[in-house]
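Read top to bottom, the protein sequences are chains B and E. Residue 26 in this note's numbering sits at position 26 of the first sequence; the count goes up by one each step and never skips. Residue 3 in this note's numbering sits at position 3 of the second sequence; the count goes up by one each step and never skips.
FYI, nobody ran anything at the bench for these hints, they're computed from the structure. If you're wondering where the values come from, they're calculated on a predicted model, not measured in any experiment. Note that beta-carbon positions come from the ideal geometry of N, C-alpha and C, so glycine has one too. Hints are not guaranteed to be accurate.
To be verified - Here are the simulated DSS-like cross-link-like pairs (lysine-lysine), alpha carbons at most 30 angstroms apart as the crow flies:
{"#": "1", "chain 1": "B", "residue 1": "Lys-53", "chain 2": "B", "residue 2": "Lys-96"}
{"#": "2", "chain 1": "E", "residue 1": "Lys-71", "chain 2": "B", "residue 2": "Lys-96"}
{"#": "3", "chain 1": "E", "residue 1": "Lys-71", "chain 2": "B", "residue 2": "Lys-11"}
{"#": "4", "chain 1": "E", "residue 1": "Lys-68", "chain 2": "B", "residue 2": "Lys-57"}
{"#": "5", "chain 1": "E", "residue 1": "Lys-68", "chain 2": "E", "residue 2": "Lys-54"}
{"#": "6", "chain 1": "E", "residue 1": "Lys-5", "chain 2": "B", "residue 2": "Lys-57"}
{"#": "7", "chain 1": "E", "residue 1": "Lys-5", "chain 2": "B", "residue 2": "Lys-96"}
{"#": "8", "chain 1": "E", "residue 1": "Lys-38", "chain 2": "E", "residue 2": "Lys-54"}
{"#": "9", "chain 1": "B", "residue 1": "Lys-70", "chain 2": "B", "residue 2": "Lys-57"}
{"#": "10", "chain 1": "E", "residue 1": "Lys-71", "chain 2": "E", "residue 2": "Lys-5"}
{"#": "11", "chain 1": "B", "residue 1": "Lys-53", "chain 2": "E", "residue 2": "Lys-71"}
{"#": "12", "chain 1": "B", "residue 1": "Lys-57", "chain 2": "E", "residue 2": "Lys-38"}
{"#": "13", "chain 1": "E", "residue 1": "Lys-71", "chain 2": "B", "residue 2": "Lys-57"}
{"#": "14", "chain 1": "E", "residue 1": "Lys-68", "chain 2": "E", "residue 2": "Lys-5"}
{"#": "15", "chain 1": "E", "residue 1": "Lys-38", "chain 2": "B", "residue 2": "Lys-70"}
{"#": "16", "chain 1": "B", "residue 1": "Lys-70", "chain 2": "B", "residue 2": "Lys-96"}
{"#": "17", "chain 1": "E", "residue 1": "Lys-38", "chain 2": "E", "residue 2": "Lys-68"}
{"#": "18", "chain 1": "E", "residue 1": "Lys-38", "chain 2": "E", "residue 2": "Lys-56"}
{"#": "19", "chain 1": "E", "residue 1": "Lys-5", "chain 2": "B", "residue 2": "Lys-70"}
{"#": "20", "chain 1": "B", "residue 1": "Lys-57", "chain 2": "B", "residue 2": "Lys-96"}
{"#": "21", "chain 1": "E", "residue 1": "Lys-54", "chain 2": "B", "residue 2": "Lys-70"}
{"#": "22", "chain 1": "E", "residue 1": "Lys-54", "chain 2": "B", "residue 2": "Lys-96"}
{"#": "23", "chain 1": "E", "residue 1": "Lys-5", "chain 2": "E", "residue 2": "Lys-38"}
To be verified - Partner residues aside, some chain B positions facing chain E, computed with beta carbon under 8 angstroms:
{"#": "24", "residue": "Tyr-31"}
{"#": "25", "residue": "Gly-40"}
{"#": "26", "residue": "His-41"}
{"#": "27", "residue": "Gly-63"}
{"#": "28", "residue": "Tyr-64"}
{"#": "29", "residue": "Phe-90"}
{"#": "30", "residue": "Lys-96"}
{"#": "31", "residue": "Ala-100"}
{"#": "32", "residue": "Glu-102"}
{"#": "33", "residue": "Gln-103"}
{"#": "34", "residue": "Tyr-104"}
{"#": "35", "residue": "Phe-105"}
{"#": "36", "residue": "Gly-106"}
{"#": "37", "residue": "Pro-107"}
{"#": "38", "residue": "Gly-108"}
Listed here are the chains, written in short residue letters.
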Amino acid sequence: DAGITQSPRHKVTETGTPVTLRCHQTENHRYMYWYRQDPGHGLRLIHYSYGVKDTDKGEVSDGYSVSRSKTEDFLLTLESATSSQTSVYFCAISEKLAGAPEQYFGPGTRLTVT
Amino acid sequence: DQQVKQNSPSLSVQEGRISILNCDYTNSMFDYFLWYKKYPAEGPTFLISISSIKDKNEDGRFTVFLNKSAKHLSLHIVPSQPGDSAVYFCAASPTGNQFYFGTGTSLTVIP
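Looking at chain B on its own, in the form it has when it is part of the complex (with noise of 0.2 angstroms):
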């Protein structure tokens, strides 16, 4: 297994409250990348990084700002959580290789927002 962790695995905050998740990654790779999970929807992306300080936007990132200051720890803030930021959390890496790209999952952290 890919060695990612986030934390926390569960949380319980209220509207208005800032939250920040930890993702950490042992595998050295250049790419980390936030999605969030919710019914009908699939797997969103957030934001990513490419790289130590930098990142971008990805097709939800309204409402959430990221960080990567080391190469193995990228962080999501919600700066004011609200009840549509409740949702299942998860942190991916990859590493761009020659051919087909592979990107590996943490296990998720369950978000809600009351």
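With the hints as your guide, set chain E onto chain B.
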């Protein structure tokens, strides 16, 4: 607008038979395609990928077929096993960096 579509929400197959999961895409710039399996309460597990220069890639019981002219790919699982029961996602990428996912197909393999 969903660029990657899995039009069958569910599929049931007898153990030992072939499972065929389908995926369609709309963006002709997609060059890389991936399949994942997901069990409840776990992260997706990478299964197999293919680049647009190929039309078939095989790994054990899993084979992915790509039809670029039809913008269609499929995952074949032969023979199907009860442990294959899961939700399967296809994903596509124009560059190998940013990935777009379908909504998933729930496969049930009946013993």
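To see whether the hints hold, each was checked on the structure:
For a cut-off of 30 angstroms, the pair hint linking Lys-53 (chain B) to Lys-96 (chain B) stands: about 18 angstroms separates their Cα positions. Restraint check for Lys-71 (chain E) and Lys-96 (chain B): satisfied, since their Cα atoms lie roughly 23 angstroms apart, inside the 30 angstroms limit. The suggested pairing of Lys-71 (chain E) with Lys-11 (chain B) is violated, with an alpha-carbon distance near 40 angstroms, which exceeds 30 angstroms. Proposed proximity of Lys-68 (chain E) and Lys-57 (chain B) is supported: the alpha carbons are some 28 angstroms apart, at most 30 angstroms.
Restraint check for Lys-68 (chain E) and Lys-54 (chain E): satisfied, since their Cα atoms lie roughly 10 angstroms apart, inside the 30 angstroms limit. Annotation: proposed proximity of Lys-5 (chain E) to Lys-57 (chain B) holds, straight-line Cα distance about 22 angstroms (limit 30 angstroms). For the hint linking Lys-5 (chain E) to Lys-96 (chain B), the alpha-carbon distance of about 25 angstroms falls within 30 angstroms, and the restraint holds. With a CA separation close to 25 angstroms, the supplied pair Lys-38 (chain E) and Lys-54 (chain E) stays within the 30 angstroms bound.
In summary, the hint linking Lys-70 (chain B) to Lys-57 (chain B) is supported, as the alpha carbons are separated by about 19 angstroms, within the 30 angstroms threshold. Distance check on the hinted pair: Lys-71 (chain E) and Lys-5 (chain E) sit about 11 angstroms apart at the alpha-carbon level, within 30 angstroms; holds. Between Lys-53 (chain B) and Lys-71 (chain E) the CA atoms are separated by roughly 35 angstroms; this puts the pair beyond 30 angstroms, and the hint is violated. Taking the CA atoms of Lys-57 (chain B) and Lys-38 (chain E), the gap is about 25 angstroms. The hint holds against a cut of 30 angstroms.
Distance restraint check for Lys-71 (chain E) and Lys-57 (chain B): the Cα-Cα separation of roughly 26 angstroms lies within the 30 angstroms cut-off, and the hinted pair is therefore satisfied. Under the criterion of a C-alpha separation no larger than 30 angstroms, the hint pairing Lys-68 (chain E) with Lys-5 (chain E) is consistent with the structure, at around 15 angstroms. For the hint pairing Lys-38 (chain E) with Lys-70 (chain B), the CA-to-CA distance comes to about 29 angstroms; that is within 30 angstroms, so the pair holds. The hinted pair formed by Lys-70 (chain B) and Lys-96 (chain B) meets the criterion: a straight-line CA distance of about 18 angstroms does not exceed 30 angstroms.
A threshold of 30 angstroms between alpha carbons decides the hint, and for Lys-38 (chain E) with Lys-68 (chain E) the separation of about 26 angstroms falls inside it, so the pair holds. Of the pairs offered as hints, the one joining Lys-38 (chain E) and Lys-56 (chain E) holds, with about 22 angstroms between alpha carbons and a cut-off of 30 angstroms not exceeded. Proximity of Lys-5 (chain E) to Lys-70 (chain B) is assessed by CA-CA distance (about 35 angstroms); at most 30 angstroms being required, the pair is judged violated. Between Lys-57 (chain B) and Lys-96 (chain B), the direct Cα distance comes to roughly 19 angstroms. Compliance with the 30 angstroms bound is thereby established for this hinted pair.
Simply put, Lys-54 (chain E) and Lys-70 (chain B) have alpha-carbon atoms about 36 angstroms apart, too far for the 30 angstroms limit, and the pair is violated. At most 30 angstroms may separate the alpha-carbon atoms for a hinted pair to count; Lys-54 (chain E) and Lys-96 (chain B) meet this at roughly 18 angstroms. Between Lys-5 (chain E) and Lys-38 (chain E), the direct Cα distance comes to roughly 17 angstroms. Compliance with the 30 angstroms bound is thereby established for this hinted pair. Nearest Cβ of chain E to the Cβ of Tyr-31 (chain B): about 6 angstroms, under the 8 angstroms cut. The hint holds.
Proximity of Gly-40 (chain B) to chain E holds as hinted, the smallest CB-CB distance being about 6 angstroms (cut-off 8 angstroms). Taking 8 angstroms as the C-beta contact cut-off toward chain E, the hint placing His-41 (chain B) at the interface holds, the least distance being around 6 angstroms. Checking Gly-63 (chain B) against chain E by beta carbon gives a least distance of about 19 angstroms; that is not within 8 angstroms, so the hint is violated. Hint on Tyr-64 (chain B) is violated. Least Cβ distance to chain E is approximately 16 angstroms, over the 8 angstroms limit.
At its closest, the beta carbon of Phe-90 (chain B) sits 5 angstroms from a beta carbon of chain E; the interface hint therefore holds under the 8 angstroms criterion. The closest approach between the C-beta of Lys-96 (chain B) and any C-beta of chain E is roughly 5 angstroms, which is under the 8 angstroms cut-off, so the hint is satisfied. The beta carbon of Ala-100 (chain B) is positioned within 8 angstroms of a beta carbon in chain E (closest approach about 4 angstroms), and the interface hint is therefore held. At a threshold of 8 angstroms, the smallest CB-CB gap from Glu-102 (chain B) to chain E is about 5 angstroms, leaving the interface hint in force.
The beta carbon of Gln-103 (chain B) comes within 6 angstroms of a beta carbon in chain E, closer than 8 angstroms, and the hint placing it at the interface holds. Nearest Cβ of chain E to the Cβ of Tyr-104 (chain B): about 6 angstroms, under the 8 angstroms cut. The hint holds. This hint holds: Phe-105 (chain B) has a C-beta 4 angstroms from the nearest C-beta of chain E, less than the 8 angstroms allowed. For the restraint placing Gly-106 (chain B) at the interface with chain E, the shortest Cβ-Cβ distance is roughly 5 angstroms, inside the 8 angstroms limit, so the hint holds.
Proximity of Pro-107 (chain B) to chain E holds as hinted, the smallest CB-CB distance being about 5 angstroms (cut-off 8 angstroms). The closest approach between the C-beta of Gly-108 (chain B) and any C-beta of chain E is roughly 5 angstroms, which is under the 8 angstroms cut-off, so the hint is satisfied.
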